[in-house]
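Chemist: Sequences and hints are given; from them, build the entire structure.
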Amino acid sequence: EAQVTQNPRYLITVTGKKLTVTCSQNMNHEYMSWYRQDPGLGLRQIYYSMNVEVTDKGDVPEGYKVSRKEKRNFPLILESPSPNQTSLYFCASIGDRRTGELFFGEGSRLTVL
Amino acid sequence: AQRVTQPEKLLSVFKGAPVELKCNYSYSGSPELFWYVQYSRQRLQLLLRHISRESIKGFTADLNKGETSFHLKKPFAQEEDSAMYYCALLLSGGYNKLIFGAGTRLAVHP
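Those protein sequences? They're chains A and B, same order as listed. Using my numbering, the first residue of the first sequence is number 1, and each one after it goes up by one. Using my numbering, the first residue of the second sequence is number 1, and each one after it goes up by one.
There may be inaccurate statements among the hints.
Stated by the list, open to error - The list that follows gives simulated cross-link-like pairs (lysine-lysine, DSSO-like), each with its CA atoms no further than 27 Å apart:
1) A:Lys-71 / B:Lys-65
2) B:Lys-9 / B:Lys-65
3) B:Lys-97 / A:Lys-69
4) B:Lys-97 / A:Lys-57
Stated by the list, open to error - Which chain A residues stay away from chain B? Per the calculated CB distances, all over 12 Å, these:
5) Lys-17
6) Leu-19
7) Thr-20
8) Thr-22
9) Ser-24
10) Val-52
11) Gly-63
12) Tyr-64
13) Ser-80
14) Ser-82
15) Asn-84
16) Ala-92
17) Ile-94
18) Thr-99
19) Leu-113
The hints are simulated quantities; they were obtained by calculation from the structure and are not laboratory data. For every residue, glycine included, the Cβ atom is placed at its ideal position computed from N, Cα and C.
Modeler: Here it is in structure tokens:
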């Protein structure tokens with residue numbers, strides 16, 4: 001089944017403890033992106049990647065890192081999480097540039113205490 | 001500045017009533033607009049694109065450049081339409097720039 005898979009789905013952590021949210025897609029998509037969803041703010045783009053080894057900042061990149069060593073994986077790294085990074089995170093990919101249709105993961109709910 | 005505005009956080013209607021979820025955008029270029037939907041316990045998925053001019057699950061949306069709007073409409077709401085709806089604007093120059101509105105939760109009551 002074609003899909004985008006994120007892990008973990010739920011995580012509670014403490015300030016300063018490094019964590020990684022993994023994202024994997026099996027559709028051979030070149031473009032991948034991370035969003036955070038906060039009440040009243042919709043989805044805001046954190047980072048995106050146009051292809052392997054090509055990444056760039058989105059609208060809210062502060063406090064996050066990403067890497068794209070393989071086409072299928074696009075992990076989101078929080079080196080030193082803070083409470084303002086408590087949010088719902090979505091990974092997404094696009095296969096067909098003509099349609100611009102995003103395929104989303106199920107989301108990862110992160111709480112930083 | 002580019003922006004997508006969905007003025008209603010919650011829209012509550014009864015089954016069979018007409019539905020209109022509002023979306024306004026601000027963009028000086030040529031807009032490409034989408035509606036995404038998230039049903040309970042499911043992932044976000046594309047509902048429709050203005051370019052395709054389709055009707056999906058009875059929903060339609062027409063781009064009105066004069067009013068800079070892309071409202072989502074359905075003549076007769078069903079309970080299974082209850083979900084979170086996001087309007088999104090694709091900026092020209094690449095699909096890396098997709099701006100989402102804050103979302104509207106549609107609740108359809110029996």
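Chemist: If a hint holds in the structure, say so; if it does not, say that too.
Modeler: Hints, verified against the model:
no.: 1; hint: A:Lys-71 / B:Lys-65; result: 38 Å, violated
no.: 2; hint: B:Lys-9 / B:Lys-65; result: 23 Å, holds
no.: 3; hint: B:Lys-97 / A:Lys-69; result: 22 Å, holds
no.: 4; hint: B:Lys-97 / A:Lys-57; result: 11 Å, holds
no.: 5; hint: Lys-17; result: 27 Å, holds
no.: 6; hint: Leu-19; result: 22 Å, holds
no.: 7; hint: Thr-20; result: 21 Å, holds
no.: 8; hint: Thr-22; result: 16 Å, holds
no.: 9; hint: Ser-24; result: 14 Å, holds
no.: 10; hint: Val-52; result: 15 Å, holds
no.: 11; hint: Gly-63; result: 20 Å, holds
no.: 12; hint: Tyr-64; result: 16 Å, holds
no.: 13; hint: Ser-80; result: 27 Å, holds
no.: 14; hint: Ser-82; result: 23 Å, holds
no.: 15; hint: Asn-84; result: 18 Å, holds
no.: 16; hint: Ala-92; result: 8 Å, violated
no.: 17; hint: Ile-94; result: 5 Å, violated
no.: 18; hint: Thr-99; result: 7 Å, violated
no.: 19; hint: Leu-113; result: 26 Å, holds
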